[in-house]
Each structure stands twice: as structure tokens, then as C-alpha cells.
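*Asks:* Numbering-wise, the working numbering comes out as the position in the sequence shown, counting from 1, plus 96.
Quick caveat, the hints were computed from the structure, so don't treat them as lab data. These numbers come from a predicted model, not from an experiment. Just so it is clear, CB atoms sit at the ideal spot from N, CA and C, and this is done for glycine as well. What you were told as hints is all true, and nothing was included just to trick you.
Within a straight-line C-alpha distance of at most 25 Å, the following computed SDA-like cross-link-like pairs (lysine to any residue) qualify:
| # | residue 1 | residue 2 |
| --- | --- | --- |
| 1 | Lys169 | Leu113 |
| 2 | Lys169 | Val129 |
| 3 | Lys172 | Val129 |
| 4 | Lys172 | Gly123 |
| 5 | Lys169 | Ala117 |
Label pairs and their in silico Cβ distance ranges:
| # | residue 1 | residue 2 | range |
| --- | --- | --- | --- |
| 6 | Trp335 | Leu209 | 38 to 46 Å |
| 7 | Asp108 | Ser161 | 16 to 24 Å |
| 8 | Ser181 | Leu209 | 30 to 38 Å |
| 9 | Val126 | Glu210 | 32 to 40 Å |
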Amino acid sequence: MRMVVTDATQDDNLIVLANPAFLNLTGYEVNEVLGRNCRFLQGEATSAAAVAEIRSGLRERREVSVELLNYRKDGKPFWNRLHTSPIYDDDGRFVYHFGSQIDSTEYHRIQSLEASEHRFLLELDHRANNVLALVDSIVRLTKSDNSALHAASVQNGIQSLARTHSLLSRRRWQNVPLREAIQTQLEPYGASRAVLEGPDIMLLAHAVQPLALFIHELAINAATHGSLSGKTGQVAIRWSDIPQKTDSSRSGKRLADRRRRRTGSRIRDGDCRS
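Using the sequences and the accompanying hints, generate a full structural model.
*Replies:* Right under this line is the structure:
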């Protein structure tokens, strides 16, 4: 057991005994500990509430059990489960405070790992559900009377999701530059023939997949009916911080009837309303 005894008859409760287990825990030599108040173990992250509870217990001569962050001689923090109690002599005089310490650092480490694992599993479940919901939307919203074309459209949509997932993974599921999200979707359709103009805007991770599907649909439209369907056409995508209704193509065919709402735009609009 790690323990210290302080002299309650002296001002500031100075340490008069510290056993080897306490010294091993804290990294101090006995001559560096005796005659000092135990507050030398405290540091910047030590709980003020825990310290106040200890002081209150010492003042009121009652037992106290608290857990607080203390620091070894080398500055390394450790969690200390501290128990203090008053000691009286045979005549009933209050003479000492006894303190025992339990190093609970490993317990906190395991708790932290378990909490991190739990958060990871929740996040994984959330992301998986989002992807499944998007795949379901792609299948339900893709319209075609030709089964082969329908299958190809669904496959293209899922491949778009896969490219977006790879992008998010590279970015560690943090914010993604809008320009990079667009380029990722244009790669299969001639990214070198696309002109991208706009300020640097970062997308929140949860917004990347719906927007990517929307860009994917625009790319397919341009590759099938618009400027990317020819050998020399270009497509220009411009954006700004201020919402504008803009789309353009250069040296290509007229875009297909805009009244027909494709899968990506419907998913995108649904996501914006949710």
C-alpha cells in the first residue's frame, strides 16, 4: 500500500512519513518529500473540486475519498485514488492525517479505450447506414425501361459512391475540398477537359457523398448528351460562396432536357431538406 502520514499539529500538514511504495509511485526520494505538503503532486490538470474536497476533509477532520490527477517527479501524470482519514492518539488528541494512494491510471486508460472503441463502432454503424441508404436510393430512383441500361446506371452510381468513399478515407473522414470532390467524380469522364473555377471551399464529411452523386449525374449527362460526348468539348463548373444558378458547356451538344430529374439531383435535394 502506498501511504503518507502528515503532522496535523503543524501548519500546512507537512509529511512526516512516506513509505517506499509511495516513493516508487511518485519518483521522489524520501528527503525530497519529508517536510512538504502533498500539494507538490498537483499540476495544471488537477481537479480544483477534488482539491477543495480534500482541504474540506482535513479541516473538518473527516475521511475523504477522491480521485484526482497527480504528477510524478518527471512530470508524467497519473490518476490517484486517494483516501485520507484523521488519526487520534490514546488521549483522544487529533495528531495525524493518514493518506493512502491507489494508482488508477491503467483503469482510466482501459476506460478511455473502451469509450473510443464504442464511439468508433457507433460512427462505423452510422456511416454504413448512410451508404446503404444512398445505395437504396440509387436503386429506387434510377429509372429505365431497359434492364441492361438500368443495371449500368445503378453500377455507375455505386462506383461513384466507391470513389467518394476512397476520397473520404484518404481524408480520414474530415472536411474535403469541394474542388477535390468534383475532380474525383469527373475522373472517369475526362477530368482534363473540365474547367473548375471557384474559391476554396471545404465540405463537411457528411455532405460529400450526396453532393458527389449530384456531380456524378452531371458528369454522365455531359458525357452522354453534352460537351464531353464529343472529342474536343469542354465542361466548365463554377461555384461561389453566393448561391447562383449556373451551368455551362463549351463546344458540345445541348444538355439533355433539364426537366427530367436524375437520381443524383433527387438524392441531393432530399439530403438538403433533411
